[in-house]
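S.K.: Now for the letters of each chain:
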Amino acid sequence: MSSKKSGSKLSLQTRRKLQPYFYIAPVMILLLLMFGYPLIKSIIMSFQDYKLSRLDKVSWNNFKNYAAMFSDKNFGLLLKNSLLYVISAVLAQFLLGLGLALTLNGKFKGRGIYQSIVFLPWAFSAFVVGLLFRWSFNGEYGVVNDVLKKLGLIDTGISWLGTPGLSLLVVIFAMIWIGIPFFGINILAALQSVPSDIYEAADMDGCGTIRKFFTLTLPYIKPTIIMTILLRTIWIFNSFDLVVIITEGGPANYSQTLPSYMYTQAFASYDFGLAGAFGVLLMVILTLYALIFLRITKYDKAGDF
Amino acid sequence: MKRKVLSLLLVAAMTATMLTGCGGKDSASDSGSAGDSGNAGTEAPAEGGDLTLTFLDVAPSDTRTTYYESMFQKFYEETGIQVEYQSVPWDDAADKLTVLGAANNLPDVMTTWNGWLGQFTQSGWVIPLDDYIGDTTSDYTDAVVNILFKSEQTRYGHIYTIPDGLMVKGIYVRKDWCEEAGIKLDPTKPWTYDDYFELIEKLTDPEKGRYGASYRGARGALDPLWVYLQGYTGGATFNQEGQILMNNEECLEAFVKWTDIYKNGGAPQDAINWGFTEMVDNFAGGLTGTLINDSEVAATLINSMEDSQWMVMPMPTSEKDGIIYNTINAPYAYSISGNSQNPDASWKLIEFLTSAENQAEYCQLTGEIPIKNEASGLDYYGEDGYYGVFLQQMNDPTLAVPTSFGTFDFTDLHQGLFHEEIQSYLLGDESAADALGNICTALQERMDEYMAENPDAGIETALTMN
Chain G
1 MSSKKSGSKL SLQTRRKLQP YFYIAPVMIL LLLMFGYPLI KSIIMSFQDY
51 KLSRLDKVSW NNFKNYAAMF SDKNFGLLLK NSLLYVISAV LAQFLLGLGL
101 ALTLNGKFKG RGIYQSIVFL PWAFSAFVVG LLFRWSFNGE YGVVNDVLKK
151 LGLIDTGISW LGTPGLSLLV VIFAMIWIGI PFFGINILAA LQSVPSDIYE
201 AADMDGCGTI RKFFTLTLPY IKPTIIMTIL LRTIWIFNSF DLVVIITEGG
251 PANYSQTLPS YMYTQAFASY DFGLAGAFGV LLMVILTLYA LIFLRITKYD
301 KAGDF
Chain Z
1 MKRKVLSLLL VAAMTATMLT GCGGKDSASD SGSAGDSGNA GTEAPAEGGD
51 LTLTFLDVAP SDTRTTYYES MFQKFYEETG IQVEYQSVPW DDAADKLTVL
101 GAANNLPDVM TTWNGWLGQF TQSGWVIPLD DYIGDTTSDY TDAVVNILFK
151 SEQTRYGHIY TIPDGLMVKG IYVRKDWCEE AGIKLDPTKP WTYDDYFELI
201 EKLTDPEKGR YGASYRGARG ALDPLWVYLQ GYTGGATFNQ EGQILMNNEE
251 CLEAFVKWTD IYKNGGAPQD AINWGFTEMV DNFAGGLTGT LINDSEVAAT
301 LINSMEDSQW MVMPMPTSEK DGIIYNTINA PYAYSISGNS QNPDASWKLI
351 EFLTSAENQA EYCQLTGEIP IKNEASGLDY YGEDGYYGVF LQQMNDPTLA
401 VPTSFGTFDF TDLHQGLFHE EIQSYLLGDE SAADALGNIC TALQERMDEY
451 MAENPDAGIE TALTMN
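Chains as they are written, first to last, in the working numbering: chain G, 1 to 305; chain Z, 1 to 466.
Honestly, the hints are just simulated from the structure, not real lab data. These figures come from a predicted structure and were not determined experimentally. Hints should not be assumed to be uniformly reliable.
[As the list claims (entries may be wrong)] Restraint ranges, calculated between C-beta atoms of paired labels, are given here: (1) 147/G <-> 351/Z: 29 to 35 Å; (2) 441/Z <-> 63/G: 20 to 26 Å; (3) 147/G <-> 185/Z: 37 to 43 Å; (4) 80/G <-> 198/Z: 24 to 30 Å.
[Unchecked claim] Just some of the chain G residues that point at chain Z, by a computed CB distance under 10 Å: (5) 51; (6) 55; (7) 56; (8) 139; (9) 160; (10) 163; (11) 200; (12) 201; (13) 205; (14) 209; (15) 249; (16) 250; (17) 271.
For each residue, glycine too, the CB sits at the ideal point set by N, CA and C.
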């Protein structure tokens, strides 16, 4: 009856069922346009000879781009660098962020000011941070070499950006520095939501600080830790800005990671086909990582007490 | 029902607005709408009606932007054609132009580096200017006609660019360091590469924080090295059969000698990552004693160093044939894009910018050499002027301009493989023979492909002023 009144042919029940889809439709349409299309397009391009400078000669080449990617002489180095970059940066960010959050969770004089300062790196753009590290680690004028010399730790300046291994280390340092606040903020927010009465009960039972941390605090903040690690891993794995700004992947690709190499292929050689193949590989790696990570950390059960 | 239809229409309109707003074409427009920062002024147009041209500068700086804005104002007053000034930083310029070209969205007039022309002409992103130039070639200096125009005609069959000015390379040297070390250099006399290497060695003193050379290790590392190698091949990269000339013992020995500048400590270790900026900064900042670069650097050094601190030496002569192989190019030459709807008006703008008077003003600001006979006689470019050595080389009968890496598109190799192979050798990851061999192989493959596609294409040879 009501449907007739409103002039609609759909029943009230059907309309109610459809209602949520209408609400999310604008976002879904935007996502499809902004993410879905580029995603599908890049998958298609990964099977094509697609050079931006020769768009008149775009053609299907089956798995040629994938073959070129896996046979690239730098592929092993890229994979190794990417893993080293992600694992060391996420691990260090997590441990330092956790320490920061635990410190800031206590009360001390000047906490507000200290909190504002330590969270500052997160507000800087990667470009600024990149330049900061690039100059700080300059082999001739950099402040790092200067400090090390004054401390008597080195006699001659280290060529941080010109030495294989060290150049990637500088990028990792920069990434750790920029990402600590993200962990700090999230873990601090989780810590502040832990009810204080459980600590009082633990105190009455004579529970020590370390045991309280592992048996009470950590389980409570576990969902936050899992989600933060998952997100940061994906972001760091995908990020190439610091590599490009600090070292440009050099010397001789020694600080190149998979995404930065993909960027180089796309915008130095304009080979969007090969870059697309790298993009698909990144997507597959990250999807597998997310599934495995959520499974082994039992995220769906985290926080259940 | 009406409301539903109306809502749908509004949604469609909004979506369309968003999409078109994102990708709006900002090329030549006849709308007459005001442009952005560089838009010409508000005085009444002389004859051009509502026409607005777009102009893209690939090397913006305060000086250049101010110059172009004032020129476009003058141009508007004379012709009534407005010019919208756009710019992109040099480091991103190749990417930006490639993306714009692929999207058929190039501006009417753009400044272009000659290294991009292989890609641009193949893709139809620039149009030939031969008909526009017509019989006015006598207005241009010999270097423009016999080197630049001739080189484009040989490589691409047509003239595609009008130089903004001329750049010649020279070796900037710390005069004060030489005096301290008792080294006497005479820029009016020829010297060899071996003399140059010896100078680097003498000026190097790590204890004092001094290195002999601003060595280029990053992108562009092969450019000066290739010119040195061309001293052994008569200035060519390929022979007339299209076979590369650098894969021999003589060139390998020269390759090793050149890279020894870095390997033997004539440059700081960080120099493996140095590009243009680091090279110039470290010369001006007192870390390095010599710097191979274009005349444009003189404009920077005039402002940042004392006259008593630096001097310019001509490029060394080849040990093999005694010829000075030196590039003469127009760093940011003017071209009309294939997307321009107003090529005639675009040519009018280029003619205006390269008129003797306007061009002389430009060259004094940017450190380039004028392209018109009328302007090149100015005192500023005289023997005792800052640019004396550069002009001296251009008038030297023993100067020859070597060929490029090839007539094909080598942008991607220049952005990656070339310097990566050299870096791998410098780091000890591969032998000099492998590094040079890989570079030669990549170029040979590119040449074979190009010749298969263009069987009638000519092979470049070194050019002389005669």
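S.K.: May I ask which of the numbered hints given earlier this structure violates, with the numbers listed in increasing order?
M.R.: Violated hints: 1, 4, 11, 12, 13, 14; rest satisfied.
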